[in-house]
Amino acid sequence: MSQDSSDSLLEVENLQVHFPVKEGVFSRAKRFCKAVDDVSFSIKPGETLGLVGESGCGKSTLGKAICRLLKPTSGKIRFEGDNIEALKKSELRPFRRDMQIIFQDPAESLNGRHTVGEILEEPFVIQKIGNSQQRKDKIKSLLDKVGLPRSSIEKYPFEFSGGQRQRIGIARAISLEPKLIVCDEPVSALDVSVQSQILNLMMDLQKEMNISYLFIAHDLSVVRVISDRIAVMYLGKFVELAEGDELFQNPLHEYTKALISAIPVPRPGFKKERIILRGDVPSPIDPPPGCYFARRSPIEVSEDVASQPGEYKEVNSGHWVEVHPATVRDYDRYS
Amino acid sequence: MGESTTILSVSDLVTGFQTDAGQVVAVDGVSFDLEQGKTLGIVGESGCGKSVTAMSIMRLLPQPAGQILGGSVLYNSEDLVQAPDERMRVIRGSEIGMIFQEPMTALNPVHRVGRQLSETLLLHEDLSKKDAWERSVELLEMVGIPSPEVRVGEYPHQLSGGMRQRVVIAIALACNPRVVIADEPTTALDVTVQAQILDLIKSLQDRLGMSVIMITHDLGVIAETCDDVVVMYAGRVAERGPIDAIFNNPQHLYTKGLMDAIPKIDSPRKQKLNTIEGSVPGLAEMPTGARFAPRSWHPQIQDYLDSEEFKTTRPELVQIGENHWVEDCPYVRVF
Numbered sequence: 001m002s003q004d005s006s007d008s009l010l011e012v013e014n015l016q017v018h019f020p021v022k023e024g025v026f027s028r029a030k031r032f033c034k035a036v037d038d039v040s041f042s043i044k045p046g047e048t049l050g051l052v053g054e055s056g057c058g059k060s061t062l063g064k065a066i067c068r069l070l071k072p073t074s075g076k077i078r079f080e081g082d083n084i085e086a087l088k089k090s091e092l093r094p095f096r097r098d099m100q101i102i103f104q105d106p107a108e109s110l111n112g113r114h115t116v117g118e119i120l121e122e123p124f125v126i127q128k129i130g131n132s133q134q135r136k137d138k139i140k141s142l143l144d145k146v147g148l149p150r151s152s153i154e155k156y157p158f159e160f161s162g163g164q165r166q167r168i169g170i171a172r173a174i175s176l177e178p179k180l181i182v183c184d185e186p187v188s189a190l191d192v193s194v195q196s197q198i199l200n201l202m203m204d205l206q207k208e209m210n211i212s213y214l215f216i217a218h219d220l221s222v223v224r225v226i227s228d229r230i231a232v233m234y235l236g237k238f239v240e241l242a243e244g245d246e247l248f249q250n251p252l253h254e255y256t257k258a259l260i261s262a263i264p265v266p267r268p269g270f271k272k273e274r275i276i277l278r279g280d281v282p283s284p285i286d287p288p289p290g291c292y293f294a295r296r297s298p299i300e301v302s303e304d305v306a307s308q309p310g311e312y313k314e315v316n317s318g319h320w321v322e323v324h325p326a327t328v329r330d331y332d333r334y335s
Numbered sequence: 336m337g338e339s340t341t342i343l344s345v346s347d348l349v350t351g352f353q354t355d356a357g358q359v360v361a362v363d364g365v366s367f368d369l370e371q372g373k374t375l376g377i378v379g380e381s382g383c384g385k386s387v388t389a390m391s392i393m394r395l396l397p398q399p400a401g402q403i404l405g406g407s408v409l410y411n412s413e414d415l416v417q418a419p420d421e422r423m424r425v426i427r428g429s430e431i432g433m434i435f436q437e438p439m440t441a442l443n444p445v446h447r448v449g450r451q452l453s454e455t456l457l458l459h460e461d462l463s464k465k466d467a468w469e470r471s472v473e474l475l476e477m478v479g480i481p482s483p484e485v486r487v488g489e490y491p492h493q494l495s496g497g498m499r500q501r502v503v504i505a506i507a508l509a510c511n512p513r514v515v516i517a518d519e520p521t522t523a524l525d526v527t528v529q530a531q532i533l534d535l536i537k538s539l540q541d542r543l544g545m546s547v548i549m550i551t552h553d554l555g556v557i558a559e560t561c562d563d564v565v566v567m568y569a570g571r572v573a574e575r576g577p578i579d580a581i582f583n584n585p586q587h588l589y590t591k592g593l594m595d596a597i598p599k600i601d602s603p604r605k606q607k608l609n610t611i612e613g614s615v616p617g618l619a620e621m622p623t624g625a626r627f628a629p630r631s632w633h634p635q636i637q638d639y640l641d642s643e644e645f646k647t648t649r650p651e652l653v654q655i656g657e658n659h660w661v662e663d664c665p666y667v668r669v670f
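Same order as they appear, the protein sequences are chains A and B. Numbered per the numbering used here, the first sequence spans residues 1 to 335. Numbered per the numbering used here, the second sequence spans residues 336 to 670.
If you're looking for bench data, these hints aren't it; they were derived computationally from the structure. Hints should not be assumed to be uniformly reliable.
[Claimed, not checked] Examples of chain A residues lying across from chain B (beta carbon under 7 Å, computed):
(1) Ser55
(2) Ser221
(3) Pro264
(4) Leu277
[Stated by the list, open to error] Cross-link-like lysine-lysine pairs, in silico, DSS-like; alpha carbons within 30 Å at most:
(5) B:Lys591 - A:Lys271
(6) A:Lys271 - B:Lys599
(7) A:Lys155 - A:Lys44
(8) B:Lys373 - A:Lys44
(9) B:Lys537 - A:Lys207
(10) B:Lys605 - A:Lys140
(11) A:Lys22 - A:Lys71
(12) A:Lys313 - B:Lys605
(13) B:Lys464 - A:Lys272
(14) B:Lys591 - A:Lys179
(15) B:Lys537 - B:Lys591
(16) A:Lys64 - B:Lys605
(17) A:Lys257 - B:Lys537
(18) B:Lys605 - A:Lys271
As the structure is a computational prediction, the values presented were derived from the model and not from experiment. For each residue, glycine too, the CB sits at the ideal point set by N, CA and C.
Could you put together the complete structure from these sequences and hints?
This is the structure in structure tokens:
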């Protein structure tokens, strides 16, 4: 399932991350939580791939696995052609420069006992880059880049507002001029007026430095603005992936349609058809057999059909979708 | 305004908190009317005082730090600010119900769902324990929980987030209150679940005829649910009016800025969003004049910021259309 990968920065193939579920104190794990279950995609240089899905769908786990903050259970992760899925911690160090991560809550990911200057200097120290003066100059230019005053160097994270702290998080992430940044819900904790500032900053930095983003969020409108292509994840699997406008104008998977229809539109009197899903998201531990979504889909199918797996494939150029009688309206056309 | 259908009327409400650094005023002279059977939205960013307003109405401010310093909350011509504690205990639940943001913290984890519902019923209504338990099952059924006779005996952790929020709604509605205050009722939920909960609140409102105060930071939720809107900024009302006026003809720069800053489902891809520069001033450093002025982009704003008027005079609200009021300061008004 390789997807035109010749010019890709990152290629992920059949990635799986399974967590053992332990029962009792001494017993060995018999069951597994399939947080990421057979996911394949690629990201080109300078591209943003948006990743949406509801809580528990495995999107954060996928982000962490790509940065190798987690060891995948199986599958391949190629970064600029090098396989990194099995590398040891020491072997990963050179790749860490090129791959960074930004978290949702900058208050938790920044060390509160360090000044902003110390926080921003750390990556250079770890990677042994420059002398003290060069680092200082570099930090000043980083602060300029993310729109923080240079006087911030002496301050501690708690002295900043949420939006400013996220700017510090971004400054740290871009300090070593990475090629890929995994952004895990970077604006979810921010107020709208600040959220737009941060999104604009991220788009500017991308243009300037040709960074690729894997942008993880639950808010489809946010993802739409910043992404080139968007992937929709459900219970550990990609169910649809397409170029942004295509996904919104021509969603094929019933889950994608339901997500889009659920977004409250800030326009009074705006009427739209809302697709209501049955039941709740099943547990990723022992998910139902076959197509995970079939039992919630508005297209009702028999249990026999539901227990057959769907097929994730490219149905139009660049438009991938899980094809199953319960997931797409025009099953015969796509199967 | 002032028609006989007003069920709850808040006027010049001032609420402050005692802190180590002295008293800070979180809600500074807020006024609005809730009409019978309608939904009033209070929208604003974190720290604008919307939740403190709700807590003041319910008299649930953290004690002893939080105090109502002035103004009135008239419910059926009874001033809740002056009401004795015993009277408030009756009003809470049986007259005014409250739906909280985080169902996991609003529910008691060690009690069965049925016990928590019964508790409210037994407190306010003359029922036997058995009747209260049966009524609990009915309430769970009313809020759309499948197999309520089973769920009533379960603990909160056994329910999904959406189901827990349904339980919180059931508790709020247990004694048929005439007013329901919903404080960010869907913020902690996934978008598909949020849509279900908003639909549920709406349909219960149609059926039971209650009036709702919907507190949220999400303009989409406001547009989908509300008849009237209060836009709060830094503890004060910036603008208030009927939903159409606020969305289609916003007159305060903050309202307009907020509308323009949200990514919309049809926003163009990879294009910069509008922003409001700066951030909300801290509670201790609130200006006397128009609080939005330091972030205003009015061409003559500097003149106002330098003026004596900004230092000494608080702008009042002025009526500019039917029930449409806005802060009377040209420098923060749409120009």
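Cross-check of the supplied hints:
no. : hint                : result
1   : Ser55               : holds, 6 Å
2   : Ser221              : holds, 4 Å
3   : Pro264              : holds, 3 Å
4   : Leu277              : holds, 6 Å
5   : B:Lys591 - A:Lys271 : holds, 23 Å
6   : A:Lys271 - B:Lys599 : holds, 15 Å
7   : A:Lys155 - A:Lys44  : violated, 37 Å
8   : B:Lys373 - A:Lys44  : violated, 51 Å
9   : B:Lys537 - A:Lys207 : violated, 44 Å
10  : B:Lys605 - A:Lys140 : holds, 28 Å
11  : A:Lys22 - A:Lys71   : holds, 18 Å
12  : A:Lys313 - B:Lys605 : holds, 27 Å
13  : B:Lys464 - A:Lys272 : violated, 44 Å
14  : B:Lys591 - A:Lys179 : violated, 37 Å
15  : B:Lys537 - B:Lys591 : holds, 27 Å
16  : A:Lys64 - B:Lys605  : holds, 25 Å
17  : A:Lys257 - B:Lys537 : holds, 22 Å
18  : B:Lys605 - A:Lys271 : holds, 27 Å
Of the numbered hints listed earlier, those contradicted by the structure are 7, 8, 9, 13, 14.
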